[in-house]
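There are 2 protein chains.
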Amino acid sequence: MAIKSFHPPQRILMGPGPSDVSPRVLAAMARPTIGHLDPVFVTMMDEMKALLKYAFKTENELTMPVSAPGSAGMETCFVNLVEPGDKVIVCQNGVFGGRMKENVERCGGIAVMVQDDWGRAVDPQKLEDALKANPDARIVAFVHAETSTGALSDAKTLVEIAHQHNCLAIVDAVTSLGGSPLKVDEWMIDAIYSGTQKCLSCTPGLSPVSFSTRALEKIKSRKSPVQSWFMDLNLVMGYWGGAAKRAYHHTAPINSLYGLHEALVILQEEGLENSWARHQKNHLALRAGLEAMGLNFVVPVKDRLPQLNAISIPDGVDEVAVRNILLNDYQLEIGAGLGAMAGKVWRIGLMGHASNPRNILVCLAALDDALGRAKAPVKRGVAVDAAQKVLAG
Amino acid sequence: MAIKSFHPPQRILMGPGPSDVSPRVLAAMARPTIGHLDPVFVTMMDEMKALLKYAFKTENELTMPVSAPGSAGMETCFVNLVEPGDKVIVCQNGVFGGRMKENVERCGGIAVMVQDDWGRAVDPQKLEDALKANPDARIVAFVHAETSTGALSDAKTLVEIAHQHNCLAIVDAVTSLGGSPLKVDEWMIDAIYSGTQKCLSCTPGLSPVSFSTRALEKIKSRKSPVQSWFMDLNLVMGYWGGAAKRAYHHTAPINSLYGLHEALVILQEEGLENSWARHQKNHLALRAGLEAMGLNFVVPVKDRLPQLNAISIPDGVDEVAVRNILLNDYQLEIGAGLGAMAGKVWRIGLMGHASNPRNILVCLAALDDALGRAKAPVKRGVAVDAAQKVLAG
Chain E
2 MAIKSFHPPQ RILMGPGPSD VSPRVLAAMA RPTIGHLDPV FVTMMDEMKA
52 LLKYAFKTEN ELTMPVSAPG SAGMETCFVN LVEPGDKVIV CQNGVFGGRM
102 KENVERCGGI AVMVQDDWGR AVDPQKLEDA LKANPDARIV AFVHAETSTG
152 ALSDAKTLVE IAHQHNCLAI VDAVTSLGGS PLKVDEWMID AIYSGTQKCL
202 SCTPGLSPVS FSTRALEKIK SRKSPVQSWF MDLNLVMGYW GGAAKRAYHH
252 TAPINSLYGL HEALVILQEE GLENSWARHQ KNHLALRAGL EAMGLNFVVP
302 VKDRLPQLNA ISIPDGVDEV AVRNILLNDY QLEIGAGLGA MAGKVWRIGL
352 MGHASNPRNI LVCLAALDDA LGRAKAPVKR GVAVDAAQKV LAG
Chain Z
2 MAIKSFHPPQ RILMGPGPSD VSPRVLAAMA RPTIGHLDPV FVTMMDEMKA
52 LLKYAFKTEN ELTMPVSAPG SAGMETCFVN LVEPGDKVIV CQNGVFGGRM
102 KENVERCGGI AVMVQDDWGR AVDPQKLEDA LKANPDARIV AFVHAETSTG
152 ALSDAKTLVE IAHQHNCLAI VDAVTSLGGS PLKVDEWMID AIYSGTQKCL
202 SCTPGLSPVS FSTRALEKIK SRKSPVQSWF MDLNLVMGYW GGAAKRAYHH
252 TAPINSLYGL HEALVILQEE GLENSWARHQ KNHLALRAGL EAMGLNFVVP
302 VKDRLPQLNA ISIPDGVDEV AVRNILLNDY QLEIGAGLGA MAGKVWRIGL
352 MGHASNPRNI LVCLAALDDA LGRAKAPVKR GVAVDAAQKV LAG
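Which chain is which? The protein sequence lines are E and Z, in order. Numbers 2 to 394, taken from the numbering used here, label the letters of the first sequence in order. Numbers 2 to 394, taken from the numbering used here, label the letters of the second sequence in order.
Keep in mind the hints are simulated off the structure, nothing from the lab. Honestly, I wouldn't trust all of these hints.
Said to hold, decoys possible - In silico lysine to aspartate or glutamate, EDC-like type, Cα no more than 20 angstroms apart, as pairs:
#1 Z:5 with E:48
#2 Z:246 with E:319
#3 Z:184 with Z:60
I would like the entire structure built from these sequences, with the hints used as guidance.
This is how it looks when you write it as structure tokens:
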């Protein structure tokens with residue numbers, strides 16, 4: 002055995018995440034490690050909480066990054082809020098609603114599924130009907146921005162309906178945070194989780210979460226202990242909470258937190274609303290190019306998520322061959338389909354640092370070549386120009 | 002709000018972890034992020050598994066890093082192996098045995114505690130007695146190297162006893178991996194977890210684990226699903242397993258894995274046995290200095306863990322003031338006591354990259370000054386010389 006240091010290539014990350022990471026974030030990851038109880042580190046934690054509150058648009062005291070990827074952020078919400086026997090309405094319109102169901106059931110809860118077509122927003126009327134049919138439901142859970150399809154749901158309305166029926170609302174914001182309008186306090190979301198490797202353009206591995214006072218009350222009044230020791234917020238709060246003395250719970254992922262701190266500083270410098278606008282504008286430019294080629298979006302305009310563009314693979318095209326050309330000849334990663342959409346769609350991400358004009362033009366030019374070589378029935382040589390017109394507009 | 006980039010100080014980390022991180026590992030953390038399904042990344046994952054097998058001295062196929070800190074590695078072992086109603090013998094001789102009990106109970110298991118004095122190795126006879134009294138026990142769990150006290154237990158013997166009574170053995174190797182002899186296959190350990198921020202000298206945030214074939218059989222034959230979706234090895238193996246096509250489970254913490262890969266390459270370059278010997282030799286030098294000052298170790302010589310030196314705080318000394326002098330005047334972090342030992346001991350780590358002569362001398366010189374200013378009843382001006390004699394020997 003003689004394994005050597007690993008030197009990854011420099012890719013352009015336009016898949017469903019991770020997205021391109023800013024050199025500033027990478028530089029922050031490499032700063033000297035200090036202790037997780039060092040007073041200087043505790044100051045950084047306080048700043049981190051303030052920055053996350055800004056990104057989530059919330060004053061929730063319990064706002065912090067879980068020390069593990071978004072899937073663990075999801076599980077943190079469910080294990081803390083769902084008690085055995087609790088009925089949870091889960092709206093599913095893609096892969097991640099299915100994962101919510103798994104979480105509910107592993108907590109001993111009863112998941113009532115409300116199914117919508119993949120590639121469409123969650124239908125508020127169906128949620129309303131489900132809640133009327135299940136007056137004993139305690140929680141509603143849905144995905145704000147479905148990474149598997151690129152559909153954006155109306156979180157504000159869905160939370161309102163949940164509250165009208167005395168339910169708490171758990172929201173998956175993995176792909177929306179930082180990229181699309183998201184207002185935790187104004188929309189009265191009770192529990193929300195996200196990831197770092199999408200529109201925040203940090204490296205993967207952490208999961209920002211936030212919990213309302215109402216959610217905290219439910220956690221504090223649980224009859225049974227939280228089944229996960231690692232994710233038990235009653236314990237985690239001893240470290241991340243506002244107490245003068247932070248109690249050791251687990252060793253925080255110090256350098257990953259440096260990276261997230263820097264990513265959030267960058268977001269603050271740009272301004273949250275400016276970031277939302279940038280994601281939307283760049284989406285329109287990419288869309289113009291893709292549509293000029295004759296490619297079709299999976300999601301109708303009104304439900305479309307700007308940072309995740311799912312397009313149908315043209316008939317007869319070897320989709321793996323196309324992605325391999327992009328990766329090997331252009332160092333460009335786009336995403337394959339996931340779950341029921343595997344083999345049917347490509348997912349082109351325009352997230353965070355990756356959402357910029359240069360990436361759009363490179364992606365369209367590379368796709369033009371790759372689709373040509375794959376003999377796809379598309380219009381060649383028009384995509385870049387169409388995108389540039391929008392970018393200039 | 003105008004939060005700026007965070008620039009941590011350059012500390013010397015001689016607490017219970019994190020330990021000093023090699024500049025090579027920090028540089029690796031800052032390399033370009035690539036996708037978690039990128040073929041180049043999958044090659045790195047295969048190398049990572051080979052390197053971890055080397056560090057654990059195992060051929061276990063299921064050897065990989067959990068995407069979260071050591072506490073989640075512990076929980077991964079318990080949630081996968083403990084089913085509701087399972088009786089688990091937990092040997093406790095410090096803080097982390099207590100955490101194991103929490104894990105067992107949150108899995109619906111029955112924890113039978115075998116208590117040993119804090120600062121002493123686990124007594125094999127007590128385990129034997131507990132197993133005779135509990136013939137229905139299914140699992141034995143213990144901590145190989147107790148980070149809260151610096152006691153090293155005889156893992157080989159304890160596992161043998163567990164097997165004689167038809168139990169699987171779960172071993173906490175958070176502080177031993179890379180620093181003290183640890184032979185997973187030869188000792189027939191069934192499930193083991195560690196951390197990255199101790200003797201591997203990587204940043205915190207990942208937890209290497211390994212499972213024997215016997216452990217895997219128990220996981221596959223479970224009657225109830227694993228209560229954690231994130232930690233369910235049946236699912237995680239789809240990504241980390243040897244299959245030609247890696248299935249997406251969660252987004253791997255890419256850059257943290259770069260860091261661990263580099264830390265393991267460094268371990269391989271040094272040689273595992275050489276690393277064990279270095280930790281032992283440096284411990285003896287530090288010990289000579291501390292004892293020359295008149296400071297006393299908590300753990301008797303035969304049970305002593307070289308990489309975690311717990312010493313009793315001299316009477317009448319303001320222990321917080323001493324640690325503050327070390328941190329503020331010398332940029333040196335040592336650890337406070339934890340749990341029942343809070344306020345009674347200091348914990349001086351000599352782990353991984355931090356286990357070197359320079360750190361020993363700086364630490365002893367700084368302690369000499371700080372204890373002098375704290376008017377501690379110690380012998381001044383002798384510690385450095387005593388350590389140097391051992392280092393030269």
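Outcome of the hint check:
{"no.": "1", "hint": "Z:5 with E:48", "verdict": "9 angstroms, holds"}
{"no.": "2", "hint": "Z:246 with E:319", "verdict": "17 angstroms, holds"}
{"no.": "3", "hint": "Z:184 with Z:60", "verdict": "11 angstroms, holds"}
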